[in-house]
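J.: Here are the chains, one letter per residue:
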Amino acid sequence: MRAPSSREAALGEVVLAVEDVLLTFGGVRALAGVSFDIRKGEIRAIIGPNGAGKTSMLNVVNGFYQPDSGRITFKGEVRRSMRPYMAAHGGIARTFQNLALFRGMTTLDNILAGRTLKMHRGFFWQLLRYGPAMREEVENRRRVEEIIDFLEIAAIRKIPVGRLPYGLQKRVELGRALAMEPDLLLLDEPMAGMNLEEKEDMSRFIIDVNQQYGTTIALIEHDMGVVMDLSDRVVVLDYGRKIADAAPEDVKRDKNVIRAYLGEAYVGQD
Amino acid sequence: MPSIEPSLDTLPKLLLHNARVFGDRTAMRQKDLGIWQAWTWAQMLEEIRAFSVGLAELGLKRGDKFTIIGANRPRLYWAMCAGQALGAVPVPVYADAVADEMAFVLAHAEVMLGVVEDQEQVDKVIAVSERLPHLHQLIYDEPRGLKDYDHSRLMAFSDVQSIGRKKLAADPDCQRRWEAGIAAGKGSDLSVILYTSGTTGRSKGVMLTFANTIISARNANAFDHLDENEEVIAYLPLAWVGDYIFSYVQAYTAGYCVNCPETPDTVVADRREIGTTYAFAPPRVYENVLTLTTVRMADAGVVKRKMFEFFIAHAGRWGEKILDGAKVPLGARFLYAIGNMFVYGPLMNQFGLSRLRVAYTAGEAIGPEIFRFWRGMGLNLKQLYGQTEASVYVTAQPDGQIYAETVGEASPDVEIKISDGGEVMFRSPGVFAGYYKDPERTAEVLTADGWVHTGDAGFFDPKTGQLRIIDRAKDVGRLKDGTVFAPKYIENKLKFFPNIREAVAVGAGRDFVCAMINIDLTAVGSWAERNNVAYASYQELAANPRVYDMIAGHVDEVNKSLAGEDIMSGAQIKRFLILHKELDPDDGELTRTQKLRRGHIIDRYAPLVEAFYNGATEAKIATEVTFEDGHKGVIAARLAIRDLKPYPASAAAMERAA
Chain D
0 MRAPSSREAA
10 LGEVVLAVED
20 VLLTFGGVRA
30 LAGVSFDIRK
40 GEIRAIIGPN
50 GAGKTSMLNV
60 VNGFYQPDSG
70 RITFKGEVRR
80 SMRPYMAAHG
90 GIARTFQNLA
100 LFRGMTTLDN
110 ILAGRTLKMH
120 RGFFWQLLRY
130 GPAMREEVEN
140 RRRVEEIIDF
150 LEIAAIRKIP
160 VGRLPYGLQK
170 RVELGRALAM
180 EPDLLLLDEP
190 MAGMNLEEKE
200 DMSRFIIDVN
210 QQYGTTIALI
220 EHDMGVVMDL
230 SDRVVVLDYG
240 RKIADAAPED
250 VKRDKNVIRA
260 YLGEAYVGQD
Chain X
0 MPSIEPSLDT
10 LPKLLLHNAR
20 VFGDRTAMRQ
30 KDLGIWQAWT
40 WAQMLEEIRA
50 FSVGLAELGL
60 KRGDKFTIIG
70 ANRPRLYWAM
80 CAGQALGAVP
90 VPVYADAVAD
100 EMAFVLAHAE
110 VMLGVVEDQE
120 QVDKVIAVSE
130 RLPHLHQLIY
140 DEPRGLKDYD
150 HSRLMAFSDV
160 QSIGRKKLAA
170 DPDCQRRWEA
180 GIAAGKGSDL
190 SVILYTSGTT
200 GRSKGVMLTF
210 ANTIISARNA
220 NAFDHLDENE
230 EVIAYLPLAW
240 VGDYIFSYVQ
250 AYTAGYCVNC
260 PETPDTVVAD
270 RREIGTTYAF
280 APPRVYENVL
290 TLTTVRMADA
300 GVVKRKMFEF
310 FIAHAGRWGE
320 KILDGAKVPL
330 GARFLYAIGN
340 MFVYGPLMNQ
350 FGLSRLRVAY
360 TAGEAIGPEI
370 FRFWRGMGLN
380 LKQLYGQTEA
390 SVYVTAQPDG
400 QIYAETVGEA
410 SPDVEIKISD
420 GGEVMFRSPG
430 VFAGYYKDPE
440 RTAEVLTADG
450 WVHTGDAGFF
460 DPKTGQLRII
470 DRAKDVGRLK
480 DGTVFAPKYI
490 ENKLKFFPNI
500 REAVAVGAGR
510 DFVCAMINID
520 LTAVGSWAER
530 NNVAYASYQE
540 LAANPRVYDM
550 IAGHVDEVNK
560 SLAGEDIMSG
570 AQIKRFLILH
580 KELDPDDGEL
590 TRTQKLRRGH
600 IIDRYAPLVE
610 AFYNGATEAK
620 IATEVTFEDG
630 HKGVIAARLA
640 IRDLKPYPAS
650 AAAMERAA
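Top line first, the protein sequences correspond to chains D and X.
The opening residue of the first sequence carries number 0 in numbering that gives the first Met the number 0; numbering runs sequentially from there.
The opening residue of the second sequence carries number 0 in numbering that gives the first Met the number 0; numbering runs sequentially from there.
Some hints could be false.
[Said to hold, decoys possible] Under the rule of at most 25 Å between Cα atoms (straight-line distance), these lysine to aspartate or glutamate pairs were calculated in the DMTMM-like manner:
#1 X:Lys123 <-> D:Glu197
#2 X:Lys146 <-> D:Glu263
#3 D:Lys198 <-> X:Asp122
#4 D:Lys198 <-> X:Glu539
#5 X:Lys166 <-> X:Glu45
#6 X:Lys166 <-> X:Asp63
#7 X:Lys146 <-> D:Glu136
#8 X:Lys123 <-> D:Asp200
#9 X:Lys30 <-> D:Glu136
#10 X:Lys580 <-> D:Glu197
#11 X:Lys185 <-> X:Glu109
#12 X:Lys146 <-> D:Glu180
#13 X:Lys60 <-> X:Glu46
#14 D:Lys198 <-> D:Glu136
#15 X:Lys165 <-> X:Glu272
Bear in mind the hints are in silico, worked out from the structure with no lab data behind them.
Bear in mind the structure is a predicted one, so any value in this text is a computation, not a measurement.
Please take these sequences and the hints and turn them into a complete structure.
T.: This is the structure in structure tokens:
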């Protein structure tokens, strides 16, 4: 468990704020005026029942979806909406609920792909494999190797990811996101489909990323135990609305949250 | 008794010596961030000196005990030598030991300082720290995750080295004093305490002097002509005497290079990159590689599979003879050369064995099939028999005189005798100095005139003149009718089938022999895949009737082979069952070196043993299991028991009985 009071003091200024975001698909209101913020250095959880709008929220944050109205403030810049390239250049990296890896490529190449934005030499320099391009490649490879070491995946370095078990693929995807050296890391259900041991490993990696690199993390997760252990603050969505936004232990006791998850009958019980 | 010159009678002295003679040669490598980092003997001396002086500044002094916990990393090996340079005694502990076992050893040895690998080990030691009144300082190699820990008694390895380097720079006399401290060490000094996990009871701390280990290591180097050109890979537990001698003392005496793998999972790939020339492994390593190969070949295309089968059969017939330099027809040699090009060579290369000159197997009996397979492939695989109490070497097989059933002849300077009770005893310069703080148990094992009881029953094979080990002396029992019952002998026969990972034979004082079996998940899992047997867990696979049928076939073959041996023919297996869980050291069923703890298993599975002998066809069992983090759970199961028909004893055996 983490000590909330000392963490609270350590949290920095707001890095990302969404205000009054409205997102509709035809008649469906995926997000109906949601506001919340993410502060520097924290682990922020977004939870909610199925169809609550959690993934939509992440997609708005990194620009996959354009909200119908509302504002997004990222690193002090106010925008009506994000674009994926803006998010990437601005230092937002993410992983996906249903893995999006290059299955035929090795672990190493997949993570190296995460360094694309850090490679500045053009095609012809790269062809030469000499001078600055070479130095750049060496530097990038070094960073990738650090990540491989960090995530303890040295044994699968040269194995095509399509042949790896699901839990390890998830870890490679996290590695690729880390390769961007993001300021804000968005994790969409990082533990989905994992067994207990894999979940414990992944939790440890998330905490380590947060502590060692100081990366701000926003994650969607269904496993309540994981959320309670990992996160500093939790925002709860239900039917596209925000119904709670507080520290994990307060969220657990919140009437609205209990109603959304368990039903009216459980409200007031312990 | 052979002696060693006083200038080279301790490991720190050998370090100084090697830094002079082999200064620019590579002493150690470790793969880090995907690249092999190397240290020459001179660089290694500098690293060890800095750490050692740092340790002295932290208060480590002559006679103090300190622990080493972690995987095979250069810094942990350096820490051993750094402490020994000050006259302190390292007490390495198995890195996978659960906290309670670790606490016992650390408290018993009164360690006052620990050098550990990472956060996991720091956590484990901190968890039991209130039982360790002597411990006042922990040093870690890998800083990850430890940033926010209270550093009042915790320090990074590199920080200790900087303390040492600063001290060395500030005080010009410091290096001379450090070297004088090394010169003051003697061969008869206690150099290390290695706790043996022991198949019964609490572990015992085996005390070895510098002379014990250095003489044994030198003899071993001479026996196999090992010199500074060898490359080995260090991957066995640091706390095991085998690794201590092989990756440390032999390396220092011969001057060869020790390579540390990137992680424990990458050993095969790392070994392949290094191309080791000398290797030491328990049989299960050779078994696993063979099982893996067979399983993969079963999934290969027809052409490849046929080619593999053809050439492996050819190697089985001629390979060993070619290896031993016997007479072999030209045609067979030619075909072998082709096989070498297409099958043996690539396969050996795949597992990083191409450059291997000498490979040993020890610790347990190896299956004759497995042994011959590797030798047929051209691997100079030999057996040795050793003990922690002997600084490893008791017997070893010389090149060219290799037999699957024997463990070799007495190693140089070792005397062996068989006691009247059939127990193997030895006397050698490697004989240990006693168990730490346990004169009683020392006296049970070590006689006044220097002989050591090995606890193993064995005899000298009349055909080959080499030693043959049958079983643990105390485990050899008799059935009710007086038939000799050697459980391990039977278990080994069972375990030679790739589908059987572990087996426990029971029968002492009973009417007949029964066996509890663990299936091998890799082998049986692959069989299940090919035969459309669906399963969700080990337990479900183990209970499958078709798996029972297959194992029954194996047990039947063992019975057939037992029937052919005169003294064993009465000890055939009449009933068996397949256990619902794998035997595990965390549950105390195996030792950390994967040996059966028979007494404990029989107590734990008492209801099963009872069911064997009351005729039941099913038995219920509920066992407590310990998970890796120490918390406990219960697994319950209902296990089927199968009956088998014994074979009549062979004609020869009958005659002798009549």
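J.: If you check each hint against the structure, which ones fail?
T.: 2, 7, 14 and 15
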